[in-house]
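**Student:** Take a look at the letters that make up each chain.
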Amino acid sequence: MIARDRNWLVIFAVCAALAVAYPLIADGYQLTVIRDALIFGLFAASLDFFWGRTGILCFGHAAFFGIGGYIMALVTLNDAIPFGSLLGVMGAVAGAAFVAAIIGYFLFFGGIRGSYFTIVTLAMGVICQQAAVSWSSVTGGDSGLIGIPPIAFDVGGLHVDLSQDLPSYIFVAAIVALVVLALWSISRGRWGTVLTAIQDNEVRAAALGHNAPLRLLVTFILSAAIAGLAGALYVCMAGLVAPDLSGLLLSTEVIVWVAVGGRGTLLGPVLGAIVIQRAQQTISSFNPSLWPLLLGCVFVIIVFVLPDGILSIYARLKSLFRGRRQAQ
Amino acid sequence: MSDVLLQAENVGIRFGGLQALEGLNLTVRDKELCCIIGPNGAGKSTFLNVLTGTLRPTSGSVCFLGHNIAGLPLHRIARLGIARKFQIPSVFPSLSVEDNLKVARWGAPSPVRPIGELMELVALGNRATTLAGALAHGQKQWLEIGMALAIEPRLLLLDEPTAGMTPQETMATAEMLLRLKGEFSVVAVEHDIRFVRALNCETLVLHQGRRLRSGPFHDIESDEMVRDVYLGRR
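Residue numbers (this note's numbering), protein chains in the order written: chain A, 1 to 328; chain B, 329 to 562.
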């Protein structure tokens, strides 16, 4: 195992230990705050899996989050559908993946890359938000849908009800840990290495027999499916879904979370989402208008001082101390 | 004939008002070594792009094992057994030497040669963990040749494989290809006459997009017209 992988696993283990210990010191409200931040962290990890591995920025990733959220809401709010929670989650994942497959197919096989891809996906996000507003008979329009029930299902005779703070926190934390670990395994294996090669030189990779557009498409679909899962989890925890969840603002915020956390690290974006959400809540509580200004400043400083994100602080400190020791 | 691997017939290509290639023929047999030479702008790289299916000829055809490959996606051409080394060293700079070769091997339908053997073959056996972006220019050229070999090609197309190499590296590259002779066919586009002389194989001379001469290199080298147009007189 190389040092980089070992460091990642150590940081993952520390984060997992903190997540396990947190309920011991936190009250119900704090648990729900971190639970929601973890869901947004899962969403950030989904973007990072695509952006970090392929170098192609999707500027409308909230569209998949919103699609997942709306499908989950529509399925669970319909009493005629049995096993609403399970079918809702499956539908959310499949729906987001389906939309990504359609859009991604034309973009990747049409040779659309770089800033052109970013612009098209930005437009996709705007269209999704507008559709959520305009298609009011289904989506509830501007006010969205409310009264979405918490996730509840039976597994092997055991009834799981996530209406309480602690079970929902544990469930979300476990899902985030499993998905991030799975994405990391994919990233460091054959699939991830070939994606890095495609990011470096797509023509070279294709000339070696790799179907680059197909690989990019599959990665995009997987990324969108996880964003859909995050959307489904969020609306069940929040109890409502609104057009903002597929909007441009959330698409921008998730980019900031990934950039601040560290693109290509998977764990960094989760931490970035949690840190920024917590900071937003704290700062907004005493001055709501101060937050956007501070966020902008922090983002600019991070880009200049820590271009690899907050997760790179450890590596930077390590190299700094090593340099000082050598100088002595 | 049954041992014909690549057959280009009457290939022509036009870019707007410019006739870049006209009436070119090339037959590459199984395990044959062949060079394409010519002055700058003669159409060598364009012809290679047509041979690899990257460019679709406006006239004529290019068949590999009897299949027309014009316009096929690059990955399908690679899987047919055509490997290519690009003019500018084209490796994956973020990956190690070993990972570059692994990525190449994963693209092959049925890879045979182990990674270690490939690294030894291209004289990079002690650079396995070095990032490809940190290699010297000549080593990048060798790595790219190694990557092309990793897909177990039936035909290896090399676009200026020794560009930017020292004379020693150039001769080492020629020796490497001669060692591999008999395993697959090679078509090399090259400027460096020392390299072509060392290979001493069938040679096609291009001039202004047309065939000037073709035949064994020792005949080409002494041809008056080739010397006038390209090689120059001593």
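No lab work stands behind these hints: they were computed from the structure. Remember, predicted model here, so these are calculated numbers, not experimental data. Keep in mind that the hints are not guaranteed to be accurate.
Derived, one-sided and incomplete: chain B residues facing chain A with beta-carbon distance under 8 Å [unchecked claim]:
#1 Arg-384
#2 Ser-387
#3 Ser-389
#4 Cys-391
#5 Leu-393
#6 Gly-394
#7 Ala-398
#8 Gly-399
#9 Leu-400
#10 Ile-416
#11 Ser-422
#12 Trp-434
#13 Met-475
#14 Pro-481
#15 Arg-482
#16 Met-553
A few chain B positions that, by computed beta-carbon distances, are all more than 12 Å from chain A [stated by the list, open to error]:
#17 Thr-386
#18 Phe-414
#19 Asn-428
We treat Cβ as the ideally placed atom computed from N, Cα and C, and that holds for glycine.
**Student:** Broken hints, numbered, in rising order?
**Tutor:** 1, 2, 3, 4, 5, 6, 7, 8, 9, 10, 14, 15, 16, 18 and 19
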